[in-house]
Every structure is written in C-alpha cells, then in structure tokens.
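S.K.: Residues per chain are reported as follows:
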Amino acid sequence: MSGALLALPVQSAPRTPAGDATVIEKLPFRAGDSRARALEALRARVRKAPGDATAAAALAQAYFDLAQARGDPRYVGYADAVVSEFNQQPSASLLVMRGMLRQYRHEFDAALVDFAATLAQDSERADAHAWRGAIYLVEAQYDDARKECAALLRLQRHVLHGGCTGLVQAYTGQLSSAYASLQHALTLARYDDQRLWLLTRLGEVCAWLGQNVRAERHYRDALALGQDDGYLLAAWADFLLDNKRPAEVLRLLAAWEASDPLLLRLAEAETLLQTSSAKAHVQALEDRFAAAKLRGDTTHRAEEARFQLRLRKNPTLAVQLALANYKVQKEPRDLRVLLESALAAQDTAAAKPARDWLQSTGFEDSRMRELAARTLQLPIPVIQPVVAP
Amino acid sequence: MMRQFALLLAIFLCQMTAWAHKASDSYLVVDVKGNAVAAQWDIAVRDIDFALGLDRDGNAEITWGELRSRQSDVSAWALSRLALTRGGICPLQVTGLQVDEHTDGSYAVLHLSGVCPGAKGALGLQYRLLFDLDQLHRGLLRLSLDGDMYNTVLSPTSGTEQFGSKQASRWDQFSRYVVEGVWHIWIGFDHILFLLSLLLPSVLVLHLRRWQGVKSFGSAAREVLWVVTSFTAAHSITLSLAALGLVSLPSWLVETVIALSVVLVAANNLRPVVEQRRWLVAFGFGLIHGFGFASVLSELGLPADALVLSLFGFNVGVEMGQMAIVAGFLPLAYLLRNTRVYLNGVFILGSWLTMLVALVWLLERAFDLKLVSA
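Residue numbers (the numbering used here), protein chains in the order written: chain A, 1 to 389; chain B, 1 to 374.
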C-alpha cells in the first residue's frame, strides 16, 4: 500500500539561480521583528536552562500560537520537539501542551490521557477542561462535553462556558438555546479574539437556522474586527458559496492561496465562475494533497473529500474519504460532506452514519435534513460490475 | 492573563488543526549500485534557516548568495544527520548545490556521492535530520538498491532502516503474504463454513433417498479434491482480477452473495438438489468468495514493486489454510461416516446450524441490520 502511495511525484528540476542576489525564499518575518525577538528571547532562556520546564512550556506555547495564527504546521513540530525533551516528567503546563499537540495530529485518545493527567496534577486547569470539551464535541460525545462545560462554569470561566455550552446545544438540536448561550457569552466577552470567535459561531448557528440576514450580520461584525482568522474566512466563504455568491468569495480569498482550506473555497468559487485561474488552483490543491499523503498525513481527509466531490467530480473517492474522516471527526461539516458525497455517488448505505447522527442528535439544519432525506430515496443499487478502463 | 484567556477560546477552533501548508519534509533519493552511492537530497530552505540561520542581513529574504556562501556549513550539518552503511560506513560528500521548488516553497538540492566498503548485502540507513528541532519533520526516502526500489517515510521513531539484498527481501515479502493468506482463511468463518458444507457429503452417498457412507477412501478423496480444486481455481481468478483493479463489485453485494452461498449449500445437504457435480457449485460460488478475499487484501495493501509475487503468495496462503482444514476434516469424517454421530449430529444438525447462521448473515448483510451483536 505505502509503496503505491510513495511513487514520489518529485518533479525534480533542480536549477542554479542566475546570481547571488536572486531571492530564493521569503521567511515568515524579519530577524529584527518584535515577534522574532520575543521568540529568540524565549529560545535563549531554554538554551540557558535546558531543564527548566517553565521556560520550555513558554517557548512551546509561543510556537503553538504562531502555528494557529499563521496556519503553519512547522511551528507545531518545533513545539513538539521542545515538549518531547520533558517526556519523562512533564509539568502540568507541558502536559496540556502535549495534549494540544496530540489533538493537532488527531491523536484524540492520547490527548485525552494527557488532559486527564494534567487535571490530576491541577484540577483548576480550565484549559485542560476546555480542550477535552472540544475533543468530545469533535467525537460527538455530547454528554462528556457537557461535563467539561460544567467544569468551566465551576471555575468561573463564563465566556468559555458560554462557548462550550453553545456548541453542545447547537450540535444537539437546540439551535435557539445555542444562539442565546453564544449571545450571552458575547455580552461578557472582553477581548476581540473572543468576540470574533463567538460572532463566527453565531453566524454559523443563524445559517443553520436559515436566518441568512442575521448570519450575514454576525459574519460582517466578525470581519469588521480586522483580525486575520482562517476559520472565520472559511465559514464566511462557505456561507457565500451556499448562497450562490461565488464572486464575493473570489474577492475575499484572493490573497489566501497559501492556506489549503481557503484555497479549496477559492477554487470552488473560481470553478463556478469559470475564471482563468481555476485550473491552476485545482492542480495546486491536488499537489498539496499528494504531498500530504506522501508523508502519511491523514488529517486533511474532510477537505480532500470535498475537493474530490466538488472539484474533481469523483464521488466514489469522496465517499471513501468522507467515511474515513467520519471515523475520526463528527462535526456538522464532516457529516455534510459525507451526505453530499453519498448522494452524488448514489450510495445510500454510506450515508447511514450521517442519518443516524441527525436522528440521534436532532440537529436542526434544514439543508442537512433535506440531504439526508434524499439519500433515502436513492435507487436500490443494481448488480453492476465496474470494469476499470 | 489576556493571552491565556484569548487562547482558551481558540481551543474550540481545534478544527483549525489541519488548516494550511504541510509540515516539514525532505526528499531523499538514493541510488546504490554495488559500492557506488549517488543521491539527491532536497531540504527546505526554511528548515535550513531555522537550524543554521541563513538570513545574514535580517531582511526576511534568503538569497542564493546567502545559501551558497554557507554551503560547507549546510553540507556538514546535513551529512552529520545521515548515515549509510554497506559492509561498513559509506563516507558521503556533497558534490553540488542547487535549488528547486516543492509545493510548500523553495528547497536546497544537495547532490551527494560516496563509496561503500562493501558492494553486496544489506544497506543500512539512519536519518536524523531536524528531528531535534521539529518532531513533525519526515524524510521521504526513495531508494534504488541494485535496481530494487524502496519507498519509506523516515520519522523520529524509524531508527536505522535496513534494506535487504534482493533475494531476502523478495522472499520476505512473499512469505509475509503467505502467512496473511493462511490467517485470513482461518478467521473467515463464512469461507470455512461454505467449504465444510460442501465437503460434509463427500464421505456419503445418497442411496434410495437415504445417506450412507461411501465404500472407499479413494472416492471420498477424489470428490474432495474436485471440490477444493474448483473452489480454489475460481476464487484465485476473481481475487486476482479484483486485486489488480480490473473488476470491482460493491462489498455489500459480495458479502450478501457469500452468505447466500452458505445458505444454499447447507440447504442442499438437507434437501439435495445438486448431488453429483458439487464441484460446479464450488466453482460458481468460488468466484464470489474470491471478491471477499480481495477486500481483505485491499485492506492489507499490495506493494507496487512486487504486486504479482505478493498476490501469488496470498493465494498460496489461502490454499495452505484450506488444505489444513481438509487434512483435518477428511480422515475424521471418513472414519465416522457410518456412525449416527456423523450422519445425524454432524451432517444433518451441522447443516441446519450452518444454514441458520448463514441466514442471519444474509439478512444482516442484505438489509444492513445488526441482528446478533458480534
């Protein structure tokens, strides 16, 4: 298997640049940049005291923040290397860090072990509870997630508690209560990043409720905060695509080719509008998925399913990817791509997990309910040997 | 406090995980012929900068000059993190430096060459580039060893990889698939029940609508041989066609028909319709059982460089597993063939039980139900 995957598509064409002044690579920031200096100071602290867990946790945290802000997994690898020096006796902070890094790689079980160990050391760690809640939400274990939300309330983290509860309610068929919880948290939120996050989620909830005008207002309020945020841009782009407004996606995401999920949405809009850059962007995505596969990375399967479904028109492969992704992640977007792929592939059995999820949670998005109903009306499959060309 | 608090909210964005470029990889292509080593190693310029610091003027741009002037540092750093052995350590040197593009940016291309002490036997490779700084870094190795291709992802847990000489590796691959084949017939209860249901009457003969034991061991063995051989021939054909990707059937259909085949064969023992040419039944349903084996094999995966050999190995394994079942079954059944234990207990009751079990499978698979929890 891995042999086949690894038929290295290295389009090897090494070249010698024309002159010494030729720029061959741009770095994320200048050495004199304040962030670069802050990072260098943290590194120096670790170098000076290699056994200092506090210094290591601070450096790892800084790397992880950078990974989140810039969407660059290299920083996650750096954080991982810092933390792994302390694998024998990690402090509570390093345990949380390691759990975060593990969930990043979708090793949810291992991450839960780390968060449990963190709380055994220090039961007041709200971040460990919050991360656990987030993992349970992804795994569709809503009772467990509710317990983590309750713990956040006990620790008086009201904004976090509101976000946590709002998501559990949204995913379990109580969109109106979810809206109220998130709205309440918004009134308590003191910082722009909190507001941005809550507004984004409010936008999603309104979109599920079919209240497009309100959804748009929340998304626009979030954008008006003026912070770069990949998740917000993706959610807003999805809203625009769902409402047949691809031209706005083009303007929104023109400068975001570096991010795979945003490039995916951009390429969808371009394909709908048949622009000249569509083909090159679809190819770029293909190359990036191939590169991820080469290194054995399977964390992109939800996006890849959508790519195969909408841009490559290969619903059979899309179903496989969506099902594989569903085994790990079970949030609304994961279920939606599964339903859409199953419908396109006329595979009613593949849609069953999604139908079951909708039934058991009572999730209220009318678009998904309609998709699910359509998968039940698919023709009974006929015996049809598929002969490869 | 603010940072901490703000971060906490980002937590619920943990889907952000997979957002963005890929993590760090290097591409290592190695060609070993006898004692001569030639290699090309593509390392991301950003990674070299992170490890060694290339941006001398601090303007966040790496120029060709900045990389080229550090060639000896880069070479020493890279070579200290790669070791090849064949009959001893193969000293390597960098013979050229160029650049290339991959999906996530610019790469320095190191051309390497070296001579190993030995020209034969296994090649050892140890890779440690960047692991001290970046635990997500991977080395993507493509190795040609005396013409044989190997592809591997090198990670911090890989340690020293051994790439065998030709005979050993081919043999290893072959025997691995033989073992898998044996294992999968043994854990495939539907295949075993199908085969046994077909074999149960082979030590019997229908005489005046009553079953009785056959006269000679020879005629029972002949019957068994025919049945097993045609089952084998049939499932080898479809297994090969499916494994090579030439034909594919939906798995629910395959599984349903396999269950149906067991029901029918068991029912035929109780109410004989086909008595003489059971080998034809074995052949017909064997075709569909082959698709069942193929789905196992597709989970297992076939190595691209030894596709036919591994497929053959898997077939051989399935065969050996079957033969073991037959070897256990036939002498015992022959000895007991005229006893009531065999005629009523094993043959009649066994066929009834088999049919019931297979009926449950059939319903479960055809209607996607879960009647009996596994």
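By construction, these hints were calculated from the structure, which means they are not laboratory data. Where is the CB? At the ideal position from N, CA and C, for every residue including glycine. Misleading hints may appear alongside valid ones.
Said to hold, decoys possible - One side only, chain B facing chain A, incomplete, derived with CB under 8 angstroms:
1) Ile62
2) Leu67
3) Gln71
4) Thr95
5) Val99
6) Gln135
7) Ser144
8) Leu145
9) Gly147
10) Glu364
11) Phe367
12) Asp368
Said to hold, decoys possible - Distance ranges between label pairs, derived from CB positions:
13) A:Asp33 - B:Ser80: 26 to 32 angstroms
14) B:Ser80 - A:Arg45: 49 to 55 angstroms
15) B:Gln93 - A:Ala13: 22 to 28 angstroms
16) B:Glu161 - A:Leu225: 48 to 54 angstroms
17) A:Glu370 - B:Asp132: 51 to 57 angstroms
S.K.: Decide, hint by hint, whether the structure agrees.
M.R.: Against the structure, the hints:
With a least beta-carbon distance of about 4 angstroms to chain A, the hint placing isoleucine 62 of chain B at the interface is held under the 8 angstroms criterion. Here the hint on leucine 67 of chain B is kept, as its CB sits about 7 angstroms from the closest CB of chain A, short of 8 angstroms. Evaluation of the glutamine 71 of chain B hint against chain A yields a violated restraint, the C-beta minimum of about 12 angstroms exceeding 8 angstroms. Hint status for threonine 95 of chain B relative to chain A: violated, with the closest Cβ pair at about 13 angstroms, above 8 angstroms.
Given hint, valine 99 of chain B at the interface with chain A, holds; its Cβ is 5 angstroms from that chain's nearest Cβ, closer than 8 angstroms. At its closest, the beta carbon of glutamine 135 of chain B sits 4 angstroms from a beta carbon of chain A; the interface hint therefore holds under the 8 angstroms criterion. Checking serine 144 of chain B against chain A by beta carbon gives a least distance of about 12 angstroms; that is not within 8 angstroms, so the hint is violated. A hinted interface residue such as leucine 145 of chain B counts as satisfied when its beta carbon comes closer than 8 angstroms to some beta carbon of chain A; here the least separation is about 14 angstroms, so the hint is violated.
Among the interface hints, the one on glycine 147 of chain B is violated; its C-beta lies about 16 angstroms from the nearest C-beta in chain A, farther than the 8 angstroms criterion. Because the beta carbon of glutamate 364 of chain B sits about 13 angstroms from the nearest beta carbon in chain A, more than 8 angstroms, this interface hint is broken. Taking 8 angstroms as the C-beta cut-off, the interface hint given for phenylalanine 367 of chain B is violated, the closest approach to chain A being about 10 angstroms. At its closest, the beta carbon of aspartate 368 of chain B sits 6 angstroms from a beta carbon of chain A; the interface hint therefore holds under the 8 angstroms criterion.
For aspartate 33 of chain A and serine 80 of chain B, the hinted distance range of 26 to 32 angstroms is satisfied, since their beta carbons lie about 30 angstroms from each other. Hint check: serine 80 of chain B to arginine 45 of chain A, Cβ distance near 26 angstroms, so the stated range 49 to 55 angstroms is violated. For glutamine 93 of chain B paired with alanine 13 of chain A, a C-beta distance near 23 angstroms keeps the hint of 22 to 28 angstroms intact. Our hint of 48 to 54 angstroms for glutamate 161 of chain B and leucine 225 of chain A holds, since their Cβ atoms are close to 50 angstroms apart.
Hint check: glutamate 370 of chain A to aspartate 132 of chain B, Cβ distance near 53 angstroms, so the stated range 51 to 57 angstroms holds.
Checked against the numbered hints given earlier, this structure breaks hints 3, 4, 7, 8, 9, 10, 11, 14; the rest are met.
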